[in-house]
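A.B. asks: First to last, the sequence lines map onto chains Z and B. The opening residue of the first sequence carries number 3 in my numbering; numbering runs sequentially from there. The opening residue of the second sequence carries number 3 in my numbering; numbering runs sequentially from there.
The set of hints was computed from the structure by calculation and includes no laboratory data. Certain hints may be false.
Any copy will do: because identical chains look the same in the list, a pair fits if it lies in one copy or spans two.
[Stated by the list, open to error] Here are the simulated SDA-like cross-link-like pairs (lysine to any residue), alpha carbons at most 25 angstroms apart as the crow flies:
no., residue 1, residue 2
1, Lys4, Ser223
2, Lys11, Gly282
3, Lys11, Ser85
4, Lys136, Val99
5, Lys107, Phe218
6, Lys11, Ser51
7, Lys136, Arg118
8, Lys140, Leu219
9, Lys4, Ser300
10, Lys136, Val95
11, Lys4, Ser116
12, Lys136, Gly362
13, Lys136, Glu68
14, Lys4, Glu174
15, Lys140, Phe301
16, Lys136, Pro324
17, Lys140, Gln80
18, Lys140, Glu68
19, Lys140, Thr100
20, Lys136, Trp87
There are 2 protein chains.
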Amino acid sequence: MKLPFDTAKLDRLMAEADLGLVLAHTRHNVRYLTGGYYYHFHANSTRMSRSQYLAFVGIPRGRVQEAFYVGRAEEHGQMEAESLWIPGRIEAVRGTVTAAEGAVKAIGRLGLTSGRIGVEMPFLPADAWLALRKALPKVDIVDATPLLNELRAVKSDEELAILRTVYSGVAESIQAAFRGSRPGDTTREIARRAEREMAERDVSFLFAFVCAGPGFLRAPSSITWEPGQVLHIDAGGTLRDYIADICRMGCIGEPGPLAKELHAACLEVQAMVRAGIRAGVPCRDILWTGEDAARRYSFSRYARFVVHSIGMVAYEQPEFSPDSSRTLEQGMVLSVETDFLHPEVGHVKIEDAVAVGETGCDGLGDTGREWQIVSVTR
Amino acid sequence: MKLPFDTAKLDRLMAEADLGLVLAHTRHNVRYLTGGYYYHFHANSTRMSRSQYLAFVGIPRGRVQEAFYVGRAEEHGQMEAESLWIPGRIEAVRGTVTAAEGAVKAIGRLGLTSGRIGVEMPFLPADAWLALRKALPKVDIVDATPLLNELRAVKSDEELAILRTVYSGVAESIQAAFRGSRPGDTTREIARRAEREMAERDVSFLFAFVCAGPGFLRAPSSITWEPGQVLHIDAGGTLRDYIADICRMGCIGEPGPLAKELHAACLEVQAMVRAGIRAGVPCRDILWTGEDAARRYSFSRYARFVVHSIGMVAYEQPEFSPDSSRTLEQGMVLSVETDFLHPEVGHVKIEDAVAVGETGCDGLGDTGREWQIVSVTR
């Protein structure tokens, strides 16, 4: 049976963390471990009555074939239609505590009523935690969020294909949102347009920061976009819970000379950073390269450079800190952001992602990086 | 200051539950208590790095003017742009535990370090609960989910206006999804079409059950819709977290006589139930009326009747149980569902909502209840 994740890596990470079981329950990690499955009825909202929908995927160390899934009876049809690989299935009535009780039952069957179990502590409902705690008094329940972030750090070809698709979709949606905008539109209207354009492309909308310059308010609001002003759309969307996060620049009419310089500087910094990205390079070198590149301009005091991993979670693994000696691996995906927050022009920003390769990197959704010009007269 | 919710009712409910403070943190209850505000960047996804975004709204009993909000520094611009009414603001860095620590600080300032505090237990992250537990050892932390459901039970005119808008949007989206469908389309394609149609209408997609009959698989799948088959689209969407949930029937070509009878029976049951809905009527009477009405057909063995409240949560308050003596109040909103799961025809279903009035009720999104016919030949 070909599983959707690297079982050897999971076993190794669990051994290092001394975990007997990983018990995942966030939508993204359920999807990651099942290869895409999540109960569609609750994929966009879990709340219902006095509780919420909760599903668990449990994977015992070294015994992936004894993995279990806790869900609702109503999911049966979808599980069959989507050929869920997990053979052990526990049905629970709706609610967080009943789901936890279902997990307890499965854990008991596996004989894992002592030792360490990893859950997703920042996401596990408190009442479900209490139910696990009470029913498994000899178990040490610890946070497996970092472990799961690490498990997802290197993307498979299938995952890279999904990321390419969602990055293309978001890049195109942003360009279409610029094309559809007119002088006097509010940033709220422009954000909604980006949302609709994503839906057209079967991308789930996450957010759209829209900032008309000069001025730094990025939250969609009643502020209008007027001739001569630069505007950025920094938008996110997902496909099967894989995130794309892109920022592009536009202007009503021709941007001024300083705006053009700031934008050119963003692209230049991005290019210098990309030139250094390949497997084997220390993560901190990427951070240094970007920070150093952003420091070379007369307007560098307004610069900000950020690089972070992205996949199902933004800022997952690897982490980019000056004191980490970790190196890049083929299949990691990095989001690279260069910003200049200039008081006279506004917030000029380019954000893109690249997939790390053996000898270099590939841009994802690399379209529309040039100025998106909206006519003054229409 | 006009607040978006009934402060007297909240104080009364808190007194009954002996709560000194309500500490809300779900997106829907934050929006309810703030009058619509939620940090837009995390409105569709909270996960980030090793934790998730978490905001708190705290309201001390009898001292609404001392309410507090715990969020991130980055929210400042949006708060100002949307005139958030809550004056006390605590900034926390990203993460569940830091947010809880921010709440602890505010609770200390209010002098509420003993007594009972109500949180949303099925939603509160376990690590945030542990942080509250540790920092407030003399506080009894209890579940306020039922209290908040009760607080929202009666909708204001502003809320009814939002519900009317989202119900109209979902009803129109379903009809448009039928119009856009062709023989041979998969139920997955039809569900996606409903999603795109909602986005066009600025409705956030929740779910679409699509069921081609005969056969009862409602999860979107590769099953195709073929001439002569009935199909239901049972779809949900939200606007500002107010939910609309509607089911409509379609057929490729003219439905057969039995399908027509089943559909007519759905409408008949709905009409009989609606005739009994007005302020002052016991909730259980509505349940009995529907169950009784659905029992009068030769095919009644396939019937299912459900009535539940709806607003920001499906199945909120009031609850409809045979042993409850609670009565309807003006401004409550009920979702009424009549289904026939007929082995020869398929799953025939109509679901609609009504707003309870003094002398009757008003349908929300009452369009497209007739058969939505798709041409066999195109």
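A.B. asks: Are the hints correct? Go through all of them and say.
C.D. replies: Outcome of the hint check:
no.: 1; hint: Lys4 - Ser223; in the structure: between (48 angstroms within a copy, 22 angstroms between copies)
no.: 2; hint: Lys11 - Gly282; in the structure: within (19 angstroms within a copy, 62 angstroms between copies)
no.: 3; hint: Lys11 - Ser85; in the structure: within (24 angstroms within a copy, 49 angstroms between copies)
no.: 4; hint: Lys136 - Val99; in the structure: both (11 angstroms within a copy, 22 angstroms between copies)
no.: 5; hint: Lys107 - Phe218; in the structure: neither (53 angstroms within a copy, 30 angstroms between copies)
no.: 6; hint: Lys11 - Ser51; in the structure: between (39 angstroms within a copy, 20 angstroms between copies)
no.: 7; hint: Lys136 - Arg118; in the structure: both (15 angstroms within a copy, 22 angstroms between copies)
no.: 8; hint: Lys140 - Leu219; in the structure: neither (51 angstroms within a copy, 42 angstroms between copies)
no.: 9; hint: Lys4 - Ser300; in the structure: neither (54 angstroms within a copy, 50 angstroms between copies)
no.: 10; hint: Lys136 - Val95; in the structure: within (19 angstroms within a copy, 32 angstroms between copies)
no.: 11; hint: Lys4 - Ser116; in the structure: neither (30 angstroms within a copy, 54 angstroms between copies)
no.: 12; hint: Lys136 - Gly362; in the structure: neither (51 angstroms within a copy, 49 angstroms between copies)
no.: 13; hint: Lys136 - Glu68; in the structure: within (24 angstroms within a copy, 36 angstroms between copies)
no.: 14; hint: Lys4 - Glu174; in the structure: neither (34 angstroms within a copy, 43 angstroms between copies)
no.: 15; hint: Lys140 - Phe301; in the structure: neither (59 angstroms within a copy, 54 angstroms between copies)
no.: 16; hint: Lys136 - Pro324; in the structure: neither (42 angstroms within a copy, 33 angstroms between copies)
no.: 17; hint: Lys140 - Gln80; in the structure: neither (35 angstroms within a copy, 46 angstroms between copies)
no.: 18; hint: Lys140 - Glu68; in the structure: within (21 angstroms within a copy, 43 angstroms between copies)
no.: 19; hint: Lys140 - Thr100; in the structure: within (20 angstroms within a copy, 29 angstroms between copies)
no.: 20; hint: Lys136 - Trp87; in the structure: neither (30 angstroms within a copy, 40 angstroms between copies)
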